[in-house]
Structure formats: structure tokens, C-alpha cells
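*Asks:* Residue-level listing of the chains:
Protein chains: 4
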Amino acid sequence: MQFLSDNAAPVHPKVWEAMQAADNPDTPYDTDALSREMDARFSALFGRECAALWVATGTAANCLALATMVEPHGGVICHREAHIEMDECGAPGFYLHGAKLLLAAGEGAKLTPADIDAVLAGITRGVHQVPAHAISITQASEYGLPYRPEELAAIGAMAKEHNLGLHMDGARFANAVAALGGPAVEVAGPVDALSFGFVKNGGMGAEAVILFDTEKAELVRWRRKRAGHLQSKGRYLAAQILAMLDDEIWLQNARAANDAAKIIADEAGDRLVHPQQINELFVRMTAGERAALRDQGFAFYDWDETCVRLVTHWASRHEDSEKLGKAIAAL
Amino acid sequence: MQFLSDNAAPVHPKVWEAMQAADNPDTPYDTDALSREMDARFSALFGRECAALWVATGTAANCLALATMVEPHGGVICHREAHIEMDECGAPGFYLHGAKLLLAAGEGAKLTPADIDAVLAGITRGVHQVPAHAISITQASEYGLPYRPEELAAIGAMAKEHNLGLHMDGARFANAVAALGGPAVEVAGPVDALSFGFVKNGGMGAEAVILFDTEKAELVRWRRKRAGHLQSKGRYLAAQILAMLDDEIWLQNARAANDAAKIIADEAGDRLVHPQQINELFVRMTAGERAALRDQGFAFYDWDETCVRLVTHWASRHEDSEKLGKAIAAL
Amino acid sequence: MQFLSDNAAPVHPKVWEAMQAADNPDTPYDTDALSREMDARFSALFGRECAALWVATGTAANCLALATMVEPHGGVICHREAHIEMDECGAPGFYLHGAKLLLAAGEGAKLTPADIDAVLAGITRGVHQVPAHAISITQASEYGLPYRPEELAAIGAMAKEHNLGLHMDGARFANAVAALGGPAVEVAGPVDALSFGFVKNGGMGAEAVILFDTEKAELVRWRRKRAGHLQSKGRYLAAQILAMLDDEIWLQNARAANDAAKIIADEAGDRLVHPQQINELFVRMTAGERAALRDQGFAFYDWDETCVRLVTHWASRHEDSEKLGKAIAAL
Amino acid sequence: MQFLSDNAAPVHPKVWEAMQAADNPDTPYDTDALSREMDARFSALFGRECAALWVATGTAANCLALATMVEPHGGVICHREAHIEMDECGAPGFYLHGAKLLLAAGEGAKLTPADIDAVLAGITRGVHQVPAHAISITQASEYGLPYRPEELAAIGAMAKEHNLGLHMDGARFANAVAALGGPAVEVAGPVDALSFGFVKNGGMGAEAVILFDTEKAELVRWRRKRAGHLQSKGRYLAAQILAMLDDEIWLQNARAANDAAKIIADEAGDRLVHPQQINELFVRMTAGERAALRDQGFAFYDWDETCVRLVTHWASRHEDSEKLGKAIAAL
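Chains as they are written, first to last, in the working numbering: chain A, 1 to 331; chain B, 332 to 662; chain C, 663 to 993; chain D, 994 to 1324.
Just so you know, the hints here were simulated from the structure itself, not pulled from any lab data.
These numbers come from a predicted model, not from an experiment.
Each residue gets a CB set at the ideal place from its N, CA and C atoms; glycine is no exception.
Take the hints with a grain of salt, since some may be wrong.
[What the hints assert, rightly or not] To give a feel for the contact side, a few chain B residues facing chain A, derived at Cβ under 8 Å:
hint, residue
1, Gln333
2, Pro341
3, Asn355
4, Phe377
5, Arg557
6, Tyr567
7, Lys654
[Unchecked claim] Computed list of lysine to aspartate or glutamate pairs in EDC-like fashion (alpha-carbon distance at most 20 Å, straight line):
hint, chain 1, residue 1, chain 2, residue 2
8, A, Lys160, A, Glu186
9, A, Lys262, A, Asp320
10, B, Lys345, A, Glu17
11, A, Lys14, A, Glu319
12, D, Lys1316, D, Asp1239
13, C, Lys822, C, Asp749
14, C, Lys676, D, Asp1259
15, D, Lys1316, D, Asp1259
16, B, Lys657, B, Asp626
17, A, Lys14, A, Glu37
18, D, Lys1007, D, Asp1239
19, B, Lys345, A, Glu322
20, C, Lys676, D, Asp1016
21, A, Lys262, A, Glu186
22, A, Lys14, B, Asp354
23, C, Lys676, C, Glu951
24, A, Lys216, A, Glu49
25, B, Lys491, B, Glu481
26, B, Lys657, B, Glu620
27, B, Lys654, B, Glu579
28, A, Lys14, A, Asp247
29, A, Lys216, A, Glu37
30, B, Lys547, B, Asp370
31, C, Lys822, C, Glu733
32, C, Lys878, C, Asp701
33, D, Lys1316, D, Glu1260
34, A, Lys262, A, Glu319
35, D, Lys1007, C, Asp777
36, D, Lys1007, C, Glu679
37, B, Lys547, D, Glu1064
38, B, Lys491, B, Asp418
39, B, Lys547, B, Glu402
40, A, Lys14, B, Asp370
Just chain A, same shape as in the assembly (with noise of 0.2 Å):
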């Protein structure tokens, strides 16, 4: 039973036959009908203007959302153990052309006004030193967490205070919008640009970058062909990302997710470093511990020396969740 990612997740039946219905002759990149159709389908999502742009990977939608909000010679505010800074292997430093990241600490991976603060009080010696030019944060945090709407505004108010660009990953956006039960607008909040992601969530290759400033599409585009991420056969990745907002499959998927996981987490009870609310969860283990687990059949990250990672995606069994649950009880 495997709870090690939900990168590891089957693609949704819709998807494939989205996918299907999309194979014949169609212009190429992104001048099919279904590419077309991308800007107006998130804009009826979010309820305000958008641009949408598909890209295969989580890594290069967020590359390409901050690359509209930061120069070479600036800087990115994000948490330190944010994706873009931990797991890209300096993507951004690739896609930004040596912009540096400027790590912040909080809680549970998450920023708060106060974490940003300190990271740009640091920033004192004028010329001489990487200024910040855009914020990123993570909804739901690398741990799980996501941001509440007035805790989104309350970072937008700064961003903007000090002329920062403001974006989100959203590589798992959907599982914070089913954990908040809100509008995806409201837990998108203020930001400029958002990597939304469906790969985890019943896709096979395929994320859009959201941009709120219809205008800065031009340049994503541009830059995406530029990084060869502007896919001859474009048609089979909008018909992914179509496919998963028809029947909000996209939300209905999160849920599962999410539901998989809080069966565990009702079982694990103290061992949670962070109350359950999306499809992640850090539960403490011994290593003895973990080798019982794993003897019974379940697989899984370890995190770290304190606790392991449990993930769990929109085709989890329940009996299986039940099953590890109950395995954790038993420990």
C-alpha cells in the first residue's frame, strides 16, 4: 500500500478519455480549439479575468509565473523549505537568470507578514545586495497547511507595500481549496500569478500557470517556447486540464485525497506534527517504528529523523487509509 506520493496516482478515466477525443488533426502548440479555450474556462473558474497557459511540470509553471514578477538581479522571497528553493535542483536560479531566492523561516512551511518582514529588514546595503522583487508562497504549504483568505491578504498588503511581485504553488491548490471549502478565488487570494497544479490530482503531464495580469501572458508565452515547454501536440495537454475542470473532476479528486488522509489522521492522533487538513500528513515515528509499518506492507517518505511523510491521492482506497490507520494506532 503505497502512501509514498501522489505523483504516483493513476490518471482519472476522464482525463484519458479527454485526451482520446483530442486525438485528431489539430494546429499545432497552442493554437488548437482546446488551448484556445484555456483563458476563458479558469476565467469562469475564478470569476475575474485570467490568462491560463499549460506547461507539463509544476517546476517550470512556477519558473515561468515568477519570471514575470522578477528581474535577474532580484530576488524571491519564499520559505526555506519551499519547493522552489529544496526539490527544483536552482530551477529558478536557471529560469530567472541567477535571481537568488531569500529564504524566510515559519511555521509549518507557511509565511506570515512577520517572516517576510524580517527577510526584507536584512535587505540594507543598497546596490550592494540582492533586492526582493516578488514573494512565493506555497498553498498548501510543503507540510500540508494552507493559507486562509485573510491571511493571503494579509501578505497581498505587503507585497504590494513594497512593490513585490506575489505568487502561489499551487501544486496542490486544489487540496487546499477542498480543505477551506471557499471559492478557489478566495483561497487564491491576492496573487499575481498561481501555478495550478493537476498532475498529483488525476493528470498525466499537465499544470497551468494562472496569471491575474492577462497582460504578462505575452511574456510567459514567449518564455515557455524559449524554455521548450511549448509542446508541438498542445492539444493533449489542455484536453488534461479541460477534462479536469469539467464536473469540477479537479475539486471532487482533492476531496478524495484529502478524505483518505483524515481517515489516518483520526488514527494517529497525537503523532501529527501538524493537524490533517490536505492529503499530506507528517506523523512522528521511531525507526522501529517505521520498520514495523513497512514490514505490513505500507510504503512511504521519510521526512526526517523525527517523522515520516504519508501522502495520499484522489484513487486512495479507504480500506487501505483504514488499514495504515489502524497500523499506527496499533504502534
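Let chain A serve as the given structure and place chains B, C and D on it in line with the hints.
*Replies:* For chains B, C and D alone, coordinates are given in the frame of chain A:
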């Protein structure tokens, strides 16, 4: 009837099958069973050891391959109509961190040792000028002309003499193999790295970077991740490529595409700018003649004022080619 | 007798004096009194507001100026024999993060609107091709030919129409002003940024980046620091430049250099590839003739198989020019 | 009385003399007689073969040196208060094309093997994380503390074990040599490349990049040109450096600067954050005490809330140091 681009072709049924067979949990990125099979399968195909990595696009494949040969302060000798120069929005400049394309002339967009020598002869100012670090050729060329083994050998000798890397853009490598009739290893010749195209030939979104110096694979792995091209569900890309290698579908498809072009070529006669060899034809045509064909339902690309480009693909119907051939003959 | 390069010229006595006068403690980088005087002094010279920053080399000046106009995915239209293309080892690719030089033809290494238009006409493939973001011209050109005000106006109109930045490489801007006789502002014309050269004209290691859009100075300040060009003892650079502005030494020196070239030109007659205008001459000469001159003690640069390049400078002695002129006439 | 920075020091008379002696035509860039002397002079100084190239600034020297060791996708382990991290406006990110600084802790801004190990231990995610390619240390450290030979040997062993390049930022290398009393070669230790500072120590605008692997000089030559740091009148930079090597002026000046600091340190007693070793002192002081000193005419830099930084230089007058020492003692 569509003769615009082989990018418009559908995905081959066996590719669909393989992708769906991959639709079960496996480890992410390129650690799954299929991705790990790539090296061995391509080593078998070429009859020599090589490393093979999937990426989504030809642009990414070309640039990652070149990154194994070219330092940021260096240059790549290529034809002035090469895809990397004309159609990739400066991607080589991005991936190679400002390295320069050093443009050569050459009949039919093919380079000869003399063409390469003319570029090298112009580099005389020592540290004041960008030095050549590599040569990039396209198999088959932008005008649909394959390099024959002896032509490749001559270029390879030159690369060796001048200590230059040798890269082959093989977006239509399969068509070149089909046209030349030789084994893949001969059609690759003495290149250090090959971008082996599958997307135009029945794939969906997977190309292979082939490295004949397997020690370079390490570098490409880092750079692929850093460019956001390490897809988390990489198994679906590996599945596409491996399916095309099974039963030589890549070669069958290429033959079918070439044959479909030959039907047209046989009727086009003196209008052909270059003799037909693969699935691309450049056909001299007046504006009036183009309009007449379009009125009959044929879609194609205006190459320049003298000629149009016609492209067939693996799924092109022979009857459509016949119709187009006859229509051209009747002009 | 040395006619190789104006780079070989000594430093003007007034420049030495000014540097030594600066040899007392002041605040570092560009916060000293002299550096802070630059903006006002150049604004007075040009009769319009501008920002002026020192850097050590023309390459740095050109690239920093271009960085105010060109995004990493963009291109710079320039002559195919421009210094930024031929002699800067790809520095624009480095400073502009992979942006591309888009090469134009043009008689005497000068661009006309028609030359520029020919480049623009070739950019037709949308996101697949590098878009032009700027034009760079050289005043005077690599063949020693100044642009006249009406020529500059025509290029400026074109830049405006196509929303392109306009940069002027003024390595020999002073010589162009001396040749045209007009005020500096007319010789700069409608450019957005000018690299104003002092090193070849009596300075030691200081050039000025002039920004007619003063809001761009901020960007150049960051980029200069980031490129390691913000010298901690910047006062010695400012001193050089300000000394050259005093009593119009920059203009006197340029006139002296031009005059020294004219003496030779008057004897060279039909051998001149272009009419003499500044301090560079391109003189047709056989290999035997070159050898004969060298035997007489003249040093110069072999430009190509048809001609040599002769360069005079502010300290060139008229008697040496006369000797060379007579020697050429006697060939 | 100025204790702000050694950047504010005047140029040494012997340096002026040498620059003026260089004021006659020679070949440009680094082909002149003085520039060609650099390798031999530094090889003699270090008693081992090395290549030595001039550049105008320490930032350029550091970045060009690091470029011989670090690929664009790699990282440099350095102290979190290192100059390359805090004061160079992201120049390493620019010169190394997006490579990352991997920040280590360390008492007094010095790294120990344990500090380096802590960084390496955090790099566990394979291709998802930036790999370390080099270590950069500062001799003497940002807090004025030299590394002793045995400390360097331990770091060198670690670099070797992990196949990392080792770079030394020697902005105050001379002061470290003066403090340790050893020969230069011991104070450099097992580093691969050294930025040897002259500007703070009596030069005007010339630092040396020293490469103990002389084969790397080729790369630095290209990169220096490409960064706009190959000055056309390079002889004036070489002259500065060679003059400082003559009669060990570099060492005499460093001793004088250190001595001037010692006079103050002897009075500052327990206020010193670190024991005095070179020409930098960090002295605990309240806001009121700072104001009191400034009222007496002393200028210095507020390091942080707990202490100020005092810097002496080769031309600091002993009587000024005595006055400041007494003033501190009297607080």
C-alpha cells in the same frame, strides 16, 4: 486534406496502449521500470552503448544535448536555416547561458566540411570572438535531405580535428533511416549526441536524448530537472518511446510517411526544389496555384515566395496524397 | 610608428592630474563627490537631462546599456560587423542572458532603415522566433563612418514605430562629433542610451553609459554591481571622465586624432575604401605593399585580404602621419 | 578621522609611479609586457607555478575564479555572511549562470569541516537538489579572522574527498599573511584559485585572480573578456599589481594596516567581539557611545545593534589610531 505538419498527426494506437498499460502506480520521475529500460533498448537499437533520456520536446532535447558540449562562452556551428536558429525562440541561448549559434551556409540546409570551415576561418580574434565548441546538424535537414554516412564521416572527422562536439537534431531521424535504408547507427554516424524524434512520428509528447558518451548522461539528468523537464509521471513518456521501438513502429511509421510523400513527388516533377527523400516536399508554386489547391481543400504551409512546403505523416492516407499529386500535376 | 589602435594611446596629462587630485579619502563606490557630479555634467553637455555612469570598458558600457532595453528572450538588431557581434566574445549574450544579436547588412557597417526592415521582415514565426527588442548602431561605424543627424532621425523613427530601444555604441563618439562638427546632442540623435567612449581618446580605464531615460539608471546601477563593475575606488574613474569634459579635452583630442588621419588620407587617394571622416582609415594594399611599409617601421592591422586598417589617436604626431602618407603615396 | 573602510585609502606612491611608467604605447588588452609578466611574478611569490590575471574588482575576481569550478546547475558552499553572499548583489548567480550559494554557519564567519559537512548532509535528494561543486572561504574572514594552515588543510582534505573545488576570497589576503607571519603559499593553503586583493591595500583598481591549476587560465581569459573585464589598456592594471609585489609593498602595507588596528585593539579590551588579527575590528558599543565617538570626529560603520566595525589601512596614521583607542577606553 492536411499537409501542414507532421506535428498534426494523431498518436499511434500502440502508443496509446502502452501509455494505458503504464497507468498504475510506479515510482516517480525517471525511477520507474519503463524509464530504466530506455538505455538498454536504445543501446540494442544502435548496437553500441548509449544513454537515453526522455523529454517532452525536440527543443528541450536539442538544447540538453548541446549543453553537454558547449560552454556558456562558446558557439555552435549550425546551418543558418537550422531549427535551433530559426524556430526555437533562442532556446539554445537560454539553455547554453548565452552561447552563440555560428551560422553556416550550405545547400539544402545541409552542412559540408567546406561550409563548416568557412565559419571556423572567420574566428581569428582570439579571446575577442566566440570560439566554436560544437557542430549541430539536422538529420534529415530542414529541406528533407538526409546526410549519407560518408557525409557524416567527413563532418565527424572535422569535429574531431577541431575538438568540437557533434550534435544531430533528429526530429525526423526515423524518416532519414527509412530513406537511407541503412541501420540507425549508420544514419547517426559519428555524432556524440542525438535528439531522436518521436512526436512527429506517432508519439504524443516524448522525444529521446541519446548520448553516445554515456558519462554525459549525468549532466543531462541535472539539466533536465533544472529546466523543469523531469516529469513526475515520466513513465508515460517512457511508455510512448518504448512502444515505438517495439516491432519497429518508429521505422514503419517513417516509411509510411515517406511513401505518402513519394506519391505526391512523383506527380510534382520539376516543381520539386529538392528530390523527395523523406516526408517533406518543397514545391515551386505561384500564388495563384496555391490558391487553386487550397480551393480544392488542401492545407499546406507557404515556405517562401517561390515554394510551398508539403508534409505527410505516418497516418496520411495514400488516397489524399494521390489527390494532391494529381491536383499539382493538373495545375 | 604605431597606427595599430587608439587603444595604445597614452593617458592625457589632464587626466593624470585629475586622478591624482582624487587621491584622497572619499566615500567608496559611486558615492564620492566626483561620481555624483557625472549626471549634471553630461546633462549640461547634451543640453538635456540624462544619467551618466562610469564603467571600465566599452563592452561593459554597451551591454549594460542594452540591458535596459532587451529582455532575455529578445534580440538586438545590429550590423553583422558591429563590435558587439565581432569583438566582444559574446558579452551581449552573457549580459542579456541569452538574448540574440539579429544581424543586418549595411554599407560601411552603417545601418539604414531598409537594412533594419530586412531583419524585421524575416521575423514572422511568432513565438517560435526571437523578437527584436532594440537596435544598436555604432557612431562612428566600424569603418569610421559617422551617422548624420537625418540618418539617425530615420532610424529613430523606425525604432519608435516598432517599439524598439535604440542604443549607440559610441566608442569613437567624440571622433564623430569632431567630424560632423555638430553639437553632441545632434550626433547622439534620438538614442535611448549611449556608450560614450573615453579610453581610446585620452582616458585610462573609464567609459560612460549615458541614459536619456533617467529612470533606467536604477537598473544599470544594479546590473553594474552585479557584473563586478562597480569599482570601490570609483572616484578615479569619475575623475578621468570629468577631466576630459573640462575645457572640451574630449573634443580637442578627437579633432587631433581625426586630423592626424586626414594627413594620411590626403595622400592615400583612391586607395581609401571609404572617404576619411574620423581617425580610422581602411586602405587597399597588396601583401607586398604592406611588407614594404612595415619595413619602413610602420605598424598597422591587416583588416582583410584587400585592405589594412590605420588608426591615429590624440597623441599621434603629425610628422608620423606625414611620413606614412608619403610612404603610401610612394608605393 | 576615517575608520570606515580600507577602500577609502589613497593609492600608494609606488603604484602611481608604476602606472605612469606604463604610460607609453604598448600592445592592448593583456598582451603588453607588464601583463605578460604576471604569471612569473606570482609563481615566484608562491613558490609554485600559477597563472595570474588582473581584473578591476574583487567581485569579478571571485566570480571568475568560481567559474572554473562550478557548473550552472551546481552550488558553492560558503559562509552565510560571506562577501559573495551578502555584498555582491548576486554576482555569483550572474557569472555562474544561476548556480547557487549553499550557506553554512561558522564562528567568526570561518568555516570548519563540520560546518561544511552540515551543508553536504542536507543534500540528499539527488537530481532534485543543487549539488555542491565548490567551497569558497575568505582569508581573512569577514570578521577579520585568518584561517591557519592546519585549518586550511582540513578544509582542503574535505574538498578533495567530495571532489569540490576550493576558492579563497583574498580581499584581505595580504593582511592575513601579515597576521600569520607565514609565507604566502601557506596562507593560501590547498586552494585551487585565489582572489588576491590589492585595491584595499594601496592599489587603485586592480586585483589578481590566481589559478594554481594553470590550465584553468584559458577559461578565465574567455570569461573575463565576455564579462567586459578585459581592459584595453590593461598595462595600467598590471603595473599596479607588479609595483605592489616589488619590495613586498603589499606585505608592508598590510602590516602597517594591521598595526594601526592593533593600537586601537589594545585599548578596546573586552569590547572586542573577536581578538584583533588584521585591520578590522568589531567593537561592542551602545548607540550613545557611538554618538560620543562620532562627536569627536571618528567615522565608522555600524555593523549591527551590538557592535561597530573599525577598519584601518596602509596609510592610517598611528596617531589617529591612538586617539580612537583612547577615546574608546574613555567611554
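*Asks:* State for each hint whether it applies.
*Replies:* Comparing the hints with the structure gives:
1. Checking B:Gln333 against chain A: minimum C-beta separation of about 5 Å stays under 8 Å; hint holds.
2. With its C-beta approaching chain A no nearer than about 5 Å, B:Pro341 sits inside the 8 Å limit, and its interface hint holds.
3. Interface hint status for B:Asn355: upheld, as the beta-carbon distance to the closest one in chain A is roughly 6 Å, under 8 Å.
4. Hint status for B:Phe377: violated, given a least beta-carbon distance of 24 Å to chain A, over 8 Å.
5. The restraint placing B:Arg557 at the interface with chain A holds, with a minimum CB-CB distance near 5 Å, inside the 8 Å limit.
6. With 8 Å as the threshold, the beta carbon of B:Tyr567 comes within range of chain A, its nearest partner Cβ sitting at about 6 Å, so the hint holds.
7. Annotation: B:Lys654 was flagged as interfacial toward chain A, and the flag is violated, the nearest CB pair being 16 Å apart, outside 8 Å.
8. This hinted pair checks out: A:Lys160 and A:Glu186 have alpha carbons roughly 18 Å apart, not beyond 20 Å.
9. Under the criterion of a C-alpha separation no larger than 20 Å, the hint pairing A:Lys262 with A:Asp320 is consistent with the structure, at around 12 Å.
10. Between the alpha carbons of B:Lys345 and A:Glu17 the distance comes to roughly 16 Å, so the proposed pair stays at or under 20 Å and holds.
11. For the suggested pair A:Lys14 and A:Glu319, the alpha carbons sit about 24 Å apart, so the restraint of at most 20 Å is broken.
12. Distance restraint check for D:Lys1316 and D:Asp1239: the Cα-Cα separation of roughly 33 Å exceeds the 20 Å cut-off, and the hinted pair is therefore not satisfied.
13. For the hint linking C:Lys822 to C:Asp749, the alpha-carbon distance of about 28 Å lies beyond 20 Å, and the restraint is violated.
14. Our distance criterion of 20 Å between C-alpha atoms is broken by C:Lys676 and D:Asp1259, whose separation comes to about 45 Å.
15. A distance of roughly 12 Å separates the Cα atoms of D:Lys1316 and D:Asp1259; the hinted pair therefore holds under the 20 Å criterion.
16. Restraint check for B:Lys657 and B:Asp626: the C-alpha separation of about 14 Å stays at or below 20 Å, so the hint holds.
17. As the CA atoms of A:Lys14 and A:Glu37 are separated by approximately 18 Å, the hinted pair is consistent with the 20 Å bound.
18. Distance hint between D:Lys1007 and D:Asp1239 is fulfilled; the C-alpha atoms sit about 9 Å from each other, no more than 20 Å.
19. Taken as a hint, the B:Lys345 and A:Glu322 pair is broken in the structure, with Cα atoms around 38 Å apart against an allowance of 20 Å.
20. The straight-line distance between the Cα atoms of C:Lys676 and D:Asp1016 is roughly 13 Å, inside the 20 Å bound, and the hint therefore holds.
21. Among the hinted pairs, A:Lys262 with A:Glu186 is inconsistent with the structure: their alpha-carbon atoms are about 23 Å apart, more than 20 Å.
22. In summary, the hint linking A:Lys14 to B:Asp354 is supported, as the alpha carbons are separated by about 13 Å, within the 20 Å threshold.
23. A C-alpha spacing of about 39 Å is found between C:Lys676 and C:Glu951, which places the hinted pair above 20 Å, so the restraint is violated.
24. Of the pairs offered as hints, the one joining A:Lys216 and A:Glu49 holds, with about 13 Å between alpha carbons and a cut-off of 20 Å not exceeded.
25. Simply put, B:Lys491 and B:Glu481 have alpha-carbon atoms about 15 Å apart, close enough for the 20 Å limit, and the pair holds.
26. The suggested pairing of B:Lys657 with B:Glu620 holds, with an alpha-carbon distance near 13 Å, which does not exceed 20 Å.
27. At most 20 Å may separate the alpha-carbon atoms for a hinted pair to count; B:Lys654 and B:Glu579 exceed this at roughly 29 Å.
28. Annotation: proposed proximity of A:Lys14 to A:Asp247 holds, straight-line Cα distance about 10 Å (limit 20 Å).
29. Between the alpha carbons of A:Lys216 and A:Glu37 the distance comes to roughly 18 Å, so the proposed pair stays at or under 20 Å and holds.
30. For the suggested pair B:Lys547 and B:Asp370, the alpha carbons sit about 13 Å apart, so the restraint of at most 20 Å is met.
31. Under the criterion of a C-alpha separation no larger than 20 Å, the hint pairing C:Lys822 with C:Glu733 is consistent with the structure, at around 17 Å.
32. Simply put, C:Lys878 and C:Asp701 have alpha-carbon atoms about 13 Å apart, close enough for the 20 Å limit, and the pair holds.
33. For a cut-off of 20 Å, the pair hint linking D:Lys1316 to D:Glu1260 stands: about 10 Å separates their Cα positions.
34. Among the hinted pairs, A:Lys262 with A:Glu319 is consistent with the structure: their alpha-carbon atoms are about 12 Å apart, no more than 20 Å.
35. For the given pair, D:Lys1007 sits about 53 Å from C:Asp777 by alpha-carbon distance, which is inconsistent with the 20 Å threshold.
36. As the CA atoms of D:Lys1007 and C:Glu679 are separated by approximately 16 Å, the hinted pair is consistent with the 20 Å bound.
37. Of the pairs offered as hints, the one joining B:Lys547 and D:Glu1064 holds, with about 14 Å between alpha carbons and a cut-off of 20 Å not exceeded.
38. With a C-alpha separation of about 28 Å, the suggested pairing of B:Lys491 with B:Asp418 is violated against the 20 Å cut-off.
39. This hinted pair checks out: B:Lys547 and B:Glu402 have alpha carbons roughly 14 Å apart, not beyond 20 Å.
40. A C-alpha spacing of about 33 Å is found between A:Lys14 and B:Asp370, which places the hinted pair above 20 Å, so the restraint is violated.
When each numbered hint is compared with the structure, violations occur for hints 4, 7, 11, 12, 13, 14, 19, 21, 23, 27, 35, 38, 40.
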